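Given chain X, put chain E in place with the hints provided.
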Amino acid sequence: MSAIIEMRGLSKAYGNRRESRLAVKDLTLSIKQGAVFGFIGPNGAGKTTTMRMLTTLLEPTSGEAWVAGCSVAKDPRGVRRAIGYMPDYFGVYDDMKVWEYLDFFAACYDVPAEERVGTTGDLLELVDLSHRRDDFVDSLSRGMKQRLCLARSLAHDPTVLILDEPASGLDPRARIEIRELLRELCSMGKTIFFSSHILSEVADICTHIGVIEDGRLVAAGNMEEMQRRLRPQRAVRMRLLGEAEARQAAKEALFHLEGVTDIQDPPDAPGEIVFDFGGDDANLSAVLTTLVTDHGLRIVSFSEESSGLEDVFLQVTQGIVS
Amino acid sequence: MGSTATGARPAKRPRLWKRLPGAFSRQLLDNPVVRKELRGRMRGRRAFVVLTAYLLFLSCFTSVLYYTYATSAEQPYGPDSYLIGKIVFGGVVGAQILLVIFITPAFTAGTISGERERQTYDLLRTTLLSASRLVTGKLASALSYVVLLIVAAVPLESMAFLLGGVALEEVVISQLILLVTAVALGAVSTYLSSRMRTTLTATVISYAFAFLSTAGLPLLFMIFLPILGFVSGGLYGVQEPHWLVVVTLIYIGGFLLAINPFSALIASELVLVEEQTVFFFSVAMPVSGSPYSQIWLVSPWLIYVPFFALVALLAYWLTVRRVRRRQR
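So the protein sequences, as listed, match chains X and E.
Using this note's numbering, you'd call the opening residue of the first sequence number 1 and step up by one each time.
Using this note's numbering, you'd call the opening residue of the second sequence number 323 and step up by one each time.
With the rest of the complex left out, here is chain X (with noise of 0.2 Å):
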């Protein structure tokens, strides 16, 4: 797979030559097509300035992006044309109806008229929105809206979808909504670089993450990659068959194992053991053929727990905003 988005050494600066402040800081980083990115950060580390930069709305100070081949900085409408922007706002016409509101942007697009029309609807039937076609944009909830914004920045079938904040003030059931969407789009074929402070969903729909503090991106990667590389201890819970003698037979075998470390009784689950262990996934595999063939245990359950995007972010942000 070839990068999409590309970002070399950006960096963005606001204020005056006398004093300024760097929002983004040499950001190197670079998607894959068909990627589902989440830009991970705390409030003020630099998502919204880099997403901006990318969509041509903010000039970069130094350093160089390029989305879809084009330069943001040489090729602006190149750029405009392979990609959907959704920021984080709505953005809507509210004296405009909803298939206006979508026929409008179409053609801002420079969509045929001709194609307007099944487009239009296309688009509605995608978001869920099609029994609404005739009403006015005011009339609609904030989730619905979301999803309007959503199926604008898609009237012109960008290659790459650039998502500020997609799911931010919503109630639980258009979030489910929203990361539903952007599962659908994803099995599209679309890219989506999108930015979000909730991490269970950016856990849930991603492919690869990027985690930028205080305009620095300190970590980026495949989701699993950076789980493990970050997390160089695996947790492994199992659970056996029989009575508190089975699981004191599991932990002292446990205990001459290579690799093998920090065995527990978890509080909250009687009858399991926890354990960290060091190696591969050949090793792991090896260690679980051992404790069965071995030493006779019943098990029941081995499995591998994973590490939260939560325990990913904490240990490489360090708490600063800028």
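None of these hints come from the bench; they were simulated from the model.
Hints should not be assumed to be uniformly reliable.
Stated by the list, open to error - According to the in silico footprint, chain X covers these stretches of chain E (three or more CB under 8 Å from chain X): (1) 437-443; (2) 446-458.
Unchecked claim - Think about it this way: if two alpha-carbon atoms lie no more than 25 Å apart in a straight line, the pair counts; the simulated DMTMM-like pairs of lysine to aspartate or glutamate are: (3) X:K74 <-> E:D444; (4) X:K190 <-> X:D204; (5) X:K97 <-> E:D352; (6) X:K190 <-> X:D88; (7) X:K32 <-> X:E64; (8) E:K340 <-> X:D110; (9) X:K251 <-> X:D294; (10) X:K97 <-> E:E359; (11) X:K190 <-> X:E125; (12) X:K97 <-> E:E439; (13) E:K340 <-> E:D352; (14) X:K190 <-> E:D444; (15) X:K97 <-> X:E177; (16) X:K25 <-> E:D444; (17) X:K97 <-> E:D444.
Unchecked claim - A few chain X residues that face chain E, going by a derived Cβ cut-off under 7 Å, partial list only: (18) T55; (19) L57; (20) R80; (21) Y85; (22) Y89; (23) G91; (24) D95; (25) F104; (26) A107; (27) C108; (28) Y109.
If you're wondering where the values come from, they're calculated on a predicted model, not measured in any experiment.
We put the CB at the ideal spot given by N, CA and C, even for glycine.
Frame of chain X; chain E shown alone:
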């Protein structure tokens, strides 16, 4: 080198006159902003209420003018219809200019700043809509309503034709001045709208500009007139100045007179009546010592129309540049 790598000549760009219909269509007829704005503007009661109120005001004003003159004229055979025609026509055009000055900033000062306030400006800027199409669309749709107001009042002006005393040239000149005033004020207000953060600020400054260009310039002229009188010696009886100084001052005074819509209209009418010309006329040289016996002057509308057309073009160009510029 003038040719591509394959040796084929690059496609020749069509001549300007061939590109114009396409550009016109793209900028105006096929402009989504025009369609959206017109749809929004004509939706609901507001547009019709404003139009009705405007025509009612003009009708009442015309009736009052007619009635006042008809009852006050002490002619043995009734009021002179020639004069009534002129008064009605002048009154309607004067009231129209006043209304255009009041209405145009209100319609155009929120065009760009309103997009910012609705948080739709950035959305538009990330589309393929060019800055020139956005500005043209905004300006054209706002001005189209002002033009509708001007055109809607034509039947009232045509009453003057029934009464007599108004020539076609007068109608054309007055409509040109009205149109250019609307376009210039609209373009300047749109520019201010692109500069200001809020619509309120843009509206206040737009009205200040409209007030200065209509009331401020006559004030300047009134200040300038005594200087002209002093220099030419006519008022104070001092020694005669050089003819070049006098001619320059006459041209400056004439220019100041010509760039105000009211004085331009009145002076153009006077030139038409007194000098029997629409374009150029001459007056006798007021001072001696000049190799020329006459000074050539142009009818004020010939200065007003190109001057404000240029102001409009400049404001339009600045607005497009402003909208095109990326945030720094």
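Tested hints:
With a threshold of 8 Å between beta carbons, the proposed coverage of the region 437-443 of chain E by chain X holds, since 3 of its residues qualify and at least three are required. Residue count for the region 446-458 of chain E with a Cβ under 8 Å from a Cβ of chain X: 6. That meets the three needed, and the coverage hint holds. A C-alpha spacing of about 19 Å is found between K74 of chain X and D444 of chain E, which places the hinted pair at or below 25 Å, so the restraint holds. Under the criterion of a C-alpha separation no larger than 25 Å, the hint pairing K190 of chain X with D204 of chain X is consistent with the structure, at around 17 Å.
Between K97 of chain X and D352 of chain E the alpha-carbon distance is near 20 Å, which keeps this suggested pair within the 25 Å criterion. A threshold of 25 Å between alpha carbons decides the hint, and for K190 of chain X with D88 of chain X the separation of about 20 Å falls inside it, so the pair holds. Between the alpha carbons of K32 of chain X and E64 of chain X the distance comes to roughly 17 Å, so the proposed pair stays at or under 25 Å and holds. Restraint check for K340 of chain E and D110 of chain X: satisfied, since their Cα atoms lie roughly 22 Å apart, inside the 25 Å limit.
This hinted pair checks out: K251 of chain X and D294 of chain X have alpha carbons roughly 14 Å apart, not beyond 25 Å. For the given pair, K97 of chain X sits about 13 Å from E359 of chain E by alpha-carbon distance, which is consistent with the 25 Å threshold. Pair hint K190 of chain X plus E125 of chain X holds up; C-alpha atoms about 18 Å apart against a cutoff of 25 Å. With a C-alpha separation of about 19 Å, the suggested pair K97 of chain X and E439 of chain E falls inside the 25 Å cut-off, and the hint holds.
Taken as a hint, the K340 of chain E and D352 of chain E pair is honoured in the structure, with Cα atoms around 17 Å apart against an allowance of 25 Å. With a C-alpha separation of about 22 Å, the suggested pairing of K190 of chain X with D444 of chain E holds against the 25 Å cut-off. Simply put, K97 of chain X and E177 of chain X have alpha-carbon atoms about 22 Å apart, close enough for the 25 Å limit, and the pair holds. Restraint check: the Cα-Cα separation between K25 of chain X and D444 of chain E comes to about 24 Å, which is no more than 25 Å; the hinted pair holds.
Straight-line distance between C-alpha atoms of K97 of chain X and D444 of chain E comes to about 20 Å, which keeps the hinted pair within the 25 Å bound. For T55 of chain X, the shortest C-beta to C-beta distance to chain E is roughly 5 Å, which falls under 7 Å, so the interface hint holds. Residue-level restraint check for L57 of chain X holds (minimum Cβ-Cβ distance to chain E is 6 Å; threshold 7 Å). Nearest Cβ of chain E to the Cβ of R80 of chain X: about 6 Å, under the 7 Å cut. The hint holds.
Proximity of Y85 of chain X to chain E holds as hinted, the smallest CB-CB distance being about 5 Å (cut-off 7 Å). At a threshold of 7 Å, the smallest CB-CB gap from Y89 of chain X to chain E is about 5 Å, leaving the interface hint in force. Because the closest C-beta pair between G91 of chain X and chain E is about 4 Å apart, less than 7 Å, the hint holds. Hint on D95 of chain X holds. Least Cβ distance to chain E is approximately 5 Å, under the 7 Å limit.
With 7 Å as the threshold, the beta carbon of F104 of chain X comes within range of chain E, its nearest partner Cβ sitting at about 5 Å, so the hint holds. At about 3 Å, the closest approach between the beta carbon of A107 of chain X and any beta carbon in chain E falls short of 7 Å, and the interface hint on this residue holds. Look at C108 of chain X: its Cβ gets to within about 4 Å of chain E, closer than 7 Å, so that hint holds up. At its closest, the beta carbon of Y109 of chain X sits 5 Å from a beta carbon of chain E; the interface hint therefore holds under the 7 Å criterion.
Of the hints listed earlier, there is not a single one the structure fails to meet.
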